[in-house]
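Chains as they are written, first to last, in this note's numbering: chain W, 1 to 236; chain V, 1001 to 1263.
These aren't lab readings, by the way, just hints derived from the structure by calculation. Ideal Cβ positions, reconstructed from N, Cα and C, are used throughout, including at glycine. Certain hints may be false.
[As the list claims (entries may be wrong)] Okay, the calculated bits of chain W under chain V, using three or more residues with CB under 8 Å as the criterion:
| hint | stretch |
| --- | --- |
| 1 | 161-174 |
| 2 | 223-233 |
[What the hints assert, rightly or not] Taking lysine-lysine and the PhoX-like style, the derived pairs with C-alpha atoms no more than 20 Å apart in a straight line are:
| hint | chain 1 | residue 1 | chain 2 | residue 2 |
| --- | --- | --- | --- | --- |
| 3 | W | K115 | W | K129 |
| 4 | W | K115 | W | K30 |
| 5 | V | K1170 | W | K182 |
| 6 | W | K178 | W | K217 |
| 7 | W | K129 | W | K60 |
| 8 | V | K1170 | W | K178 |
| 9 | W | K56 | W | K99 |
| 10 | V | K1021 | W | K217 |
| 11 | W | K129 | W | K56 |
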Amino acid sequence: MNNLIGSDADSQRTLYPYVTGTSVVGIKYKDGILLAADMGGSYGSTLRYKTVERMKSVGKHSIIGASGEISDFQEIMRYLDELILYDNMWDDGNSFGPKEVHNYLTRVMYNRRNKFNPLWNSLVLGGVKNGQKYLGTVNMIGVHYEDNHVATGFGNHLSRPILRDEWHENLTFEEGVKLLEKCMRVLLYRDRSAVNKLQIAKITEEGVTISQPYSLKTFWNFAAFQNPTVGAEGSW
Amino acid sequence: MGGFSFDLCKRNEMLVQKGLKQPSFLKTGTTIVGLIFRDGVILGADTRATEGPIVADKNCEKIHYMAPNIYCCGAGTAADTEAVTDMVSSQLKLHRYHTGRESKVVTALTHLKSHLFSYQGHVQAALVLGGVDMTGPHLHTIYPHGSTDTLPFATMGSGSLAAMSVFESKYREGMSRDEGIKLVAEAISSGIFNDLGSGSNVDICVITKGKREYLRNYLLPNPRMYISEKGYSFSKKTEVLFTKITPLREVVEVIEVGDAMEE
């Protein structure tokens, strides 16, 4: 039957995301890379899933963090698993480092975008290989770059300004985590899709560790919050 | 029949139904902030005015005078913020003459919000209003549709997220004057350097009981770096070959006879 409103092809293309994750923030530090992301999966304006692991290790040397459509992230993980498998099958002593994985992802994202069927994600890709630290990002339209600190989504507006001011070379692990927690706290206050349950992922030459989920302390006891209209009764 | 005519608004809605894409709410280039410290209120603003992608004014003034003890930062359409703050400032002065008292911040707040509400958001002014009156220090944000908030620290404009990230990570209650100024300057700088709609310099206004300090261009973090030391000289001017002056009007001498106002 002739579909006058849209072609059948339309039902095969991504038009909008459904279950989404919010910001991911990543920084380089003295020994490697640190990534932070919360564990929320929103379904529109509902907080549907609260234990979504949005950061995963890739091969021996890399770690990926994703925001955007969760099902597309799961698909990307399948692509990456296949990539790493084929790399292992060569059995040649070489393994893909973060630079190669980032490049692969960039090609995948850009080619999907050109077919008007994007994977609706913004990804952070970090890792260490042979002592070289690498941190990059790629999004659904194929824009990609590397930097000493990256973020997706709201993280770009709320966290990057803090990182531009306070990041420096040779942060220790503790300093790095404190800096990331500062960023995640601001996101928790000001991003409506953020949840107070986050993980920190660390990658060094030795390998990957993803922390157990934990919560940040928040402060709500400003005098002005307790009694906002003191001296100005009736205003709001 | 007086009052605002909403006819064009109806037309715009009809066009949207017909498929016209309306421009979304523009947070026009600006970073404005306010915070309450131990002795009063500190307001801050950047100084860039934009016309689309062009910087129209590199050093405009976004902190507007409302009363000797009340100042207001404005983001949004420059004409709207200027006009609405000027208008309410005049109304406050008349009110001071009438009552014989210092103006209250809530008075300015109520005037501004009821004006903006009655124009249903078409007057695109987003304001950070701060001041100190006999009831204490006050800080409010006012949105184009007329809603207000009372806050210990506030940011507005396209650079508001960059500035808010500084406030959310560093604000404490009961800061001293110097700490407060430092934090406001940091927040505005964050907007200037991280938001494309904000730029140039930092203006600050410190209001305490009985005193206000308007620190125009408190920080100038964007100086002009590269100026030719040799200066600019232009080669040989055009040669003047010959000069002729033709007066466009005949000069006539008037001799007055009799009384000027003789009728």
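Hint check results:
1. Under a criterion of three residues with beta carbons nearer than 8 Å to beta carbons of chain V, the stated coverage of the stretch 161-174 of chain W is upheld, 4 such residues being counted.
2. A stretch counts as covered by a chain when three or more of its residues have a beta carbon under 8 Å from one of that chain; for the stretch 223-233 of chain W and chain V the count is 8, and the coverage holds.
3. Distance hint between W/K115 and W/K129 is unfulfilled; the C-alpha atoms sit about 33 Å from each other, more than 20 Å.
4. Using a Cα cut-off of 20 Å, the hinted pair W/K115 and W/K30 is violated, with the two alpha carbons roughly 40 Å apart.
5. Proposed proximity of V/K1170 and W/K182 is supported: the alpha carbons are some 10 Å apart, at most 20 Å.
6. Our distance criterion of 20 Å between C-alpha atoms is met by W/K178 and W/K217, whose separation comes to about 12 Å.
7. Proposed proximity of W/K129 and W/K60 is supported: the alpha carbons are some 9 Å apart, at most 20 Å.
8. At most 20 Å may separate the alpha-carbon atoms for a hinted pair to count; V/K1170 and W/K178 meet this at roughly 14 Å.
9. Taking the CA atoms of W/K56 and W/K99, the gap is near 16 Å; set against the 20 Å cutoff, the hint holds.
10. Between V/K1021 and W/K217, the direct Cα distance comes to roughly 43 Å. Violation of the 20 Å bound is thereby established for this hinted pair.
11. In summary, the hint linking W/K129 to W/K56 is supported, as the alpha carbons are separated by about 17 Å, within the 20 Å threshold.
The earlier numbered hints that this structure contradicts are 3, 4, 10.
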